[in-house]
Structure formats: structure tokens, C-alpha cells
Amino acid sequence: GENVEQHPSTLSVQEGDSAVIKCTYSDSASNYFPWYKQELGKGPQLIIDIRSNVGEKKDQRIAVTLNKTAKHFSLHITETQPEDSAVYFCAATFQAAGNKLTFGGGTRVLVKP
Amino acid sequence: NAGVTQTPKFRILKIGQSMTLQCTQDMNHNYMYWYRQDPGMGLKLIYYSVGAGITDKGEVPNGYNVSRSTTEDFPLRLELAAPSQTSVYFCASSAGTGRPYEQYFGPGTRLTVT
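These protein sequence lines map, in sequence, to chains A and B.
In this text, residue positions in the first sequence follow the numbering used here: the first is 1, and each later residue adds one.
In this text, residue positions in the second sequence follow the numbering used here: the first is 1, and each later residue adds one.
So that you can see chain A by itself, here it is in the shape it has in the complex (with noise of 0.2 angstroms):
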């Protein structure tokens, strides 16, 4: 099955500057690679995703670039304010799968103030 490794584990950044965080995934046909935000109790949020026909989207101060040959996609996010402290997961699918979502282990992720 799908195989999706997410670095790095933790990153804190000061205010302002920016955050990256990287994911590898295994499965070539994997077509689908959404990235999730989750807060402090509650349950993830869908905040940014990318098709594989495209190679970058960006969303205000979040973008996601997707490199299909080296099978890797990274989350961008600019200009980082207190409130992008969350936990950020990637995912890849891919519809064979029965829209099943491959998770990665997750970037805790603190903005110093």
C-alpha cells in the first residue's frame, strides 16, 4: 500500500519568517495530495490540496509545490503568524484505493512570538 513519510517532526520558526515542511510518498499512481491543520482538540481541517496534474497552488500565505517524478510535495507557508501553531499532516490517495487517505506522521509546528 501507500507509504507516505513526512520531515520534519517538529519546527519552530520565529514570527514572520517562513515554514516548510516536506513529504515523500511511495506510490506512483497516487494522483491526490491534500495537507491538514489541526488545532489543539480538535480534529484535522482540510487547508490546502494539489492534483497531480498540477506542479504548485498557492492560497493566500500557504502554497504546496509537487515534484511526481521524485514523488515528493511540500507545504509553504509565508509570513507565519501565532495561529498557523498547529500540527500539519500530509496525505496522498489515489482512487483505486476507495478514496482512502495515506497520512504522514505529522510537523508539530510553533511560531515564537
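Hints should not be assumed to be uniformly reliable.
Claimed, not checked - Pairs of lysine to aspartate or glutamate residues, derived as EDC-like cross-links and limited to a Cα-Cα distance of at most 16 angstroms, are as follows:
id	chain 1	residue 1	chain 2	residue 2
1	A	K37	A	D49
2	A	K112	A	D84
3	A	K37	B	E102
4	B	K44	A	E2
5	A	K112	A	E83
6	B	K44	A	E5
7	A	K42	B	D38
What the hints assert, rightly or not - A few chain A residues that don't get close to chain B, going by computed Cβ distances all over 12 angstroms:
id	residue
8	V20
9	K58
10	E83
Said to hold, decoys possible - DEER-style ranges, computed between Cβ atoms:
id	chain 1	residue 1	chain 2	residue 2	range
11	B	G51	A	Q45	20 to 30 angstroms
12	B	K9	A	E5	26 to 36 angstroms
13	A	E39	B	D38	14 to 24 angstroms
14	B	D38	A	V20	23 to 33 angstroms
15	A	E39	B	T7	17 to 27 angstroms
Just so you know, the hints here were simulated from the structure itself, not pulled from any lab data.
For glycine and all other residues, C-beta sits at the position ideal for the given N, C-alpha and C.
Please build the complex by placing chain B on the supplied structure of chain A, with the hints as guidance.
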């Protein structure tokens, strides 16, 4: 529109007890999922369902059972609870069409087995 709701929020079980975690969604989604999240770890898929009457095992199904008698409800049953089942449990749903992969998560149930 409440989205995905889960009950209870917290529960403490003794070893060997049983319980059912409830999950309901009001978005008319076909697909529903149960995950567990251990401390400091990612989400592991326990069971999923592609529609009423259809369920299938995920990555870590042992010790759990599910049923899907309606589109809205997807309860997770724990039989003979063990300390290894101490975790936070999340239910999620997705449409199955349109944006089929976008999963909406409930707030979670924190379960402790002692």
C-alpha cells in the same frame, strides 16, 4: 449544518469492557472513515465505508467492528477493550463524487483504557 459529530467526547473504560463510539454526518456523504491517532503520531485508518451496507477494513482493524445501516451513521464498536486501544478516535466523511477525496473530520473521542 453540523458536519460530522462524534459522541462521547471522552470515555474511560476498564480492560475487557465494550463500548460504541457514535459518528453522524449530515452532508449526505457516501464515504465514511474511522481513524485512530496515538500520541505524537499520525492517523491510522481502522475501517471505512463507501455506502450504506458496505464496510471494509483499513490498516488497523483488529479489536474493532463497524456497521453502516444508514448514510448518516457509522458507529465503531470496541469489544473487550485493551490498553493498546487508548487513543483519540476520529470519524470522517467525504462525498465520493465531485471532490471525492476531501475528508471532513469530527472533533474526536478521547478514549482511555485502564
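Among all the numbered hints in the text so far, which are the ones the structure does not match?
Those not satisfied: there are none.
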